[in-house]
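Following the hints, complete the assembly by docking chain B onto the known chain A.
Those sequence lines, one after another, are chains A and B. Residue numbering for the first sequence follows my numbering, starting at 1 and increasing by one per position. Residue numbering for the second sequence follows my numbering, starting at 1001 and increasing by one per position.
If you're looking for bench data, these hints aren't it; they were derived computationally from the structure. Misleading hints may appear alongside valid ones.
[Unchecked claim] Listed next, the stretches of chain B that the computed footprint assigns to chain A, with coverage defined by at least 3 CB atoms under 8 Å from CB atoms of chain A: (1) 1012-1023; (2) 1080-1091; (3) 1112-1119; (4) 1306-1316; (5) 1394-1405.
[Said to hold, decoys possible] Computed far set for chain B versus chain A, every beta-carbon distance over 10 Å: (6) E1124; (7) V1138; (8) F1163; (9) D1200; (10) F1276; (11) S1331; (12) T1338; (13) K1377; (14) V1416; (15) D1540.
Note that the Cβ used here is the ideal one computed from N, Cα and C, for glycine as well.
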Amino acid sequence: MTATLDHPTPAPPAPGRNPILRLAPVVLTHRAVFAVTVAAIVFHQACSVGAVVTGAVVVGQVAAGAGLADIGLGLVVLAALVLGRAAGYWAEMWIAHDLAYRVLIDIRMWVYDGVERTAPAGVQDRRSGDIATGALSDVETLEWFYAHTVGNVIAAVLVPAAALVGLSVVDPRLALILLPAVLVVGAAPFTLRRIADRQGERLRARVATLNSEVVDAVQGLRELVSFGRASSHVEQVRRHSRDLYAEQLRHGHRAGIEAAIAEAAIAAGVVAVLAVGAALLADGQISFALYPPAIVLAVYAFVPLTEISTQLRNLGILRGAAQRVFALVEAPANVTDHGTHAPAVTGPPEVAFDAVTMRYRPGDPPALADVSFAVPAGRTVALVGHSGAGKSTCANLLLRFWDPDTGAVRIDGLDVGTYPVVALRDLVSLVPQDVYLFNTTVRDNIRLGRPDATDTDVKTAAQRALVAEFVPDLPDGLNTVIGERGATLSGGQRQRIAIARALLKDSPVLVMDEAVSNLDTENEQALYAAMAEARRGRTTLLIAHRLSTIRTADHIVVLDAGHVAETGTYDQLITRDGTFARLVNAQRDGFVER
Amino acid sequence: MMVHRRMLALAGPIWWQVGVTVLVSLAMSATLVGQAFLVSAVLIGLYRGATFDEVSGLLVGVAVLVVVRSGLAWLREVSVLFTAAVVKERLRGRVLAKLLDLGPGYLIRTRTGAVQTTTVDGIEALEYYFGRYLPQVVNAMATATFVIIVLATRSVAVAVATFGVVVFMLTAPRLWDRAVRRLSAGHFGAYRDFGAEFVDGLQGMTTLKAFNASRTHRATMLAKARELYRSTMRHLGVALVDGGLTALGQGAGAALAVGVGAVLVVNGSLELASLFLILVLANEGFRPFRELTLYWHAGFLGIAASTSIADTLAAVPEVRQRPDATVFRRSDTPPAVTFEGVTFSYQTRDRPAVAELSFRAEPGQTLAIVGRSGAGKSTLVALLLRFFDPQQGRITLGGVDIADLTLGSLREQVAVVAQDTYLFYGTIAENLRLARPDATDAELVAAARDANAHGFIAGLPDGYDTRVGERGLTLSGGQRQRIAVARALLKNAPVLVLDEATSSVDAESERLMTEALDRLAAGRTTLVIAHRLSTIRHADRIVVLADGRLAEAGAHDDLLTGTGDYARLVAAQGSTR
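With the rest of the complex left out, here is chain B:
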């Protein structure tokens, strides 16, 4: 229990926010201690045979403190939430910014549900630690110290006994710290796993049902739910030892003070009036520890989440922007794109996805990249957008190494129409404006028309204001891709990448797509990643990849007459038509 350096490091400087809550809590404790003095005075008075009128003044004093304290009780609730909100807002901001920093390259290795639980539930769970527990630590220490000092003025023996108990409460639970840290990380890990598995199952539920596999998946979920139970109870086991020791200390402290005091009075070394004070005051001195135990327990998921949050914040991004990075300068002509001896392997793979690859896309021309699935084509896009950096070689844009550009300005130059287009929960118009937030309605319609998307959008129940579900699943693959083309048109970047953009569209849509793409490619340097000859036909130059390496390159007609991979690919496709 008590304060954990790693938790403080997580929150950053929050002294004054915690301070506000500490002040309110201290004021509340002060009224309680004040009340204890008054009550003991009443006791002493009555013991000495005072009349009711003589103690009534003291009782009025108690009533005043009560009124003050109930106001403070309200103030504390509010200040607790304020403190917690500041910490959570700051931390969530940092985690989100970090996720951006880590980028799509990192997220490919993580699970949506895991990121979600860390960023939302994990940070929410910190409310108790920072809002209530931390201020209460200060409050408990201050109140106990004050009470011990007051007790010392009456009896050193009682003060020493009480002090001993406080020291016990502070030190004994530290022995469990290491176990708490280990088991708490396991606890949140199980929570995160359950979340990740649930989201995966949820999004794939149609597939699970079609394959009668939802029962099997249920068994997996049940196992995860049980594992969550087990790891929660393991964490709770040690956390409760902490709490139990504090609870023991709290009870033992007050009892010891009264017991020692009573014996001293019987011995005649302490006057009875002091014992009344000890009786009331010792209880008040330890009362904040009781709340401390409650808060410690209530914040236990937050403590569990802290490791996960800290790990996210400490993760190393795939790419970094150089401190001296510059902004790309656009000119009237689109830039050339070159790959120069580029080699890249994914972390988890032995074989390079791309090896010693060099090619050049001339300004305003179309370069097609063909090759079988897994030949490394899509990796090129990830490298061009700097989701990853190559281990060797460099990529240039208009003659400038892309590593010298700011990430923002690099990505501004490139528009991608990918094979799977992600649409966000929101309206079609909002999804289109992703590419240009200030686009007018007329510009949206114009882009949609050019993308051959206006027709179907206009036919939707609310037109451009129709909501599309998460991932755009209420639209067909072809419709999603035409929206992607409209987005790319709106973005108006000088470099265009079509990543198997016509792969999942039906016959009619393919014609519309091809038209739209031709419009889109005009006046841009275009990289076409495709296996469809229809989209490659117009390319000025074709690069054929095999196993991440350049197999051959040239114009369509030149390659066709050869006996290389391209001629074989074309022959294969031709024969199926």
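In isolation and in its complexed conformation, chain A is listed as follows:
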């Protein structure tokens, strides 16, 4: 239709138990289109039944001895109905699908918003292929509901009702005898509903598993190939594929039984009308001219019903898909964005961890236990410790990916929770350990935090982070698309882009998580200078492990199994025989040319 697509995404439906029922109200946001859809469906079905009935009426007239003039009108009506039916088919399909695919845009965005809200906590334990199934094929499955179910249910009530009325005009007894059959056909898809729901749930879950396995195989193909395990992994994917087919076949068995019930009920109804009609006719209670139309009405009363019941046989799958979609849409946020205090940060603020204790899951050992330290405004604190000591957790809390169980992380004396999340993340730039680059240009990757940055700004950041050094080697310079996760770049190059990103974002607080670790020596030295420059005037939390990095910090916090083991300056700590000295000794052993 002509309506534009530029409407904001409406809010997802309110929580409820039945995922199918929750899908329905969405069409009400497109009320007018939905009304037209139902009208088109009814028109299409009415023309269909009308054409066949008119044909039968003409035959009845001929049987009763009518002449050409008598059937002329019937023939014209017949032709009009045939054309109307084709037009009705086209209109029904077009309008219903337009509505359906419009709704799918909204649902896909709900899924995106759900993922956005819960990441990283909500998605880190789930497989990408599983979640992607939710946004793609689970949502696509809902098209059945919007294009072929919701409006058709209405048609499936109206058309048989009209046919029954038509029959009762011929003789009420005919309508009465057909009624049970109509009800059975309508009820058939619900007979095995609980089995259908279970099957649908399993079926969609298996599609998701298959997707996850394919994603794993694609992203890990290098490993699979070099370990000679590729064919066995493919065999594994095919096994999951066969599991899916087995489930589909089980679904087919059940759907087949329902189809058989519907088929039998339809035919029983038709036979009953034939028989009763024949008896009434033989008895002289109805005229012969009405007999053919009565039979045809009996047959066609079922057409919209059979069509809808074919759709409803897939109700279990639909329910499974809807359930999976809603689970993503409704996943609770890991942190609530209730902050209202707009930060009035002029210079670099002070960052403080105040008796912070945090567990990722209840029952886990604490990732941080009663951790307190402060990063004075404009200074750099290095967090040092073994893998798993809690360094990255500090970064996660500062950016509010998680909230502490007790204690608080403060910026300028205020709990980070008091700032709106967007404002907080404007204050803090991150250079993460696992640099994630998007499959777009170098320029857009650098501009991630400031989409409105000018080319000059981007170039300056690229120069300062030494991205400019390798850009001339790329086929299209800054406009080179760098492949998924930056696949065409080396680790050092990826790291430099991440640093340029942070430089361009230009926030007063900087978090560097094991940055510069992938750089080669010559660049590393130059980059240190750039980073020192970038850190000037910023409050920096440095998750560091290289002596060269650690030394540049004003203050060092040594973490050990979630506790603060030691704090002090480099010179203070190196002379103590503590955790830090042991770490440093280990590090010294690893290097030549000292």
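Leaving out everything else, chain B in the frame of chain A:
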């Protein structure tokens, strides 16, 4: 509409699977046609003034056909899914095998989400085409032909009119075929794009949030979702013309038969009994076309996906195994690795990544390759494993050109510890067994101990049975790399490649890694790609690369006294410590 050669080519020989469904569908149509004969006989009987008892036998016959048909309805559901499963299984097998064939070199240029949608959703969407649509084409044609023949025995005029409509239904939609093909490819393309973008955004969501860029990315996703809507509707527009013409034909066919028949009866050139038959039979003759329209529509994403599937199957692999390739013969001593005048450029890049490069790693010795980021170091690994083939020169293993070896046996000889290690969704033990599926638990522990990984693994909640998330993101970089070392130990290959293996580990881990790597390198020919002098120090020989070319080569002490790149690299590193 109707049958598409490219779709058939995709599925391969599936005659008997489709045949089963065709037979069941034909049997169902036969019961319907039979029922039509019986019903028209009832009509004729009653018209001629028969009593109810006289037609009751015919009604019993109708009831019997009904029972048979409902059994067939069940059988058809099952056979449809069986046919579809066979086609999908075969096709998915072919696509997956093809992806392996194309290898990591191809996948570097494609997007995960795109491959995923083609291999899973795309192939699933073919269910309707092969399971329902294709058998129904045969059923519709056969039923229509039979009905036309029967009609011809009563009235040639009616048969000709009906036949004309069938011809119209077969030919008219062909005019749209080209548009359907073009727009359907665009439709699946948009679906694939949305998938690829979604997966990328999903995996990078933490970064997006940290940079407050999730709103910007949302705008991209919204644009892709809208583009998907638009291209779906464009495809649907032409697909509906197809369906609409068939729907028109179906209605027009039955109406025309009845209309022509009625006029003929009025003219007196046809007896009324025949008209009853025409009334019931013409409807049955066109009924399968109605289902055909439904199936055509339901399978429309599958038709859209077929181009993408066909393109994947037709993609040319980066490397091919020679037909006369041999298996590498291991000896007691590890093999030498040589690069002889190797030049290689990536497809999309003008400048060669590696140019006229020659060097030799002696058996059992360690050769270090150093150079700045982007100097071509990692490309060497891809070439050694034959993810790509060089445009010039050759690489040998134990004196044999690696291009003469089977890909499997070549890759068996080389273990790689890479800078970014991919861990699969599964337990630690499963990830370790990737290298040796039949390794015992004791062997796993031994390898993990040697890799200095046992300590942290034992500390995990379920030890070796702890699940690691996709890409191993629940572990730190250092932990992932020690698992990679344990894998390499288990693989026990005579050639070892360490590709910046110590790059992202913390101080304590680096010591553990260095120890582990020393153990790993013993008795193997080792290529170390590194910038850390700590890992280069023990190398027997060092090769320095600059812009893909050999800048200098020699032992550490020799190079150090010179004024070349290496001396500068060392000086740079030294001064930061």
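Checked against the structure, which of the hints given earlier come out wrong? Hints 1, 4, 5, 6, 9, 10, 13 and 14 are the ones this structure does not satisfy, whereas the remaining hints hold.
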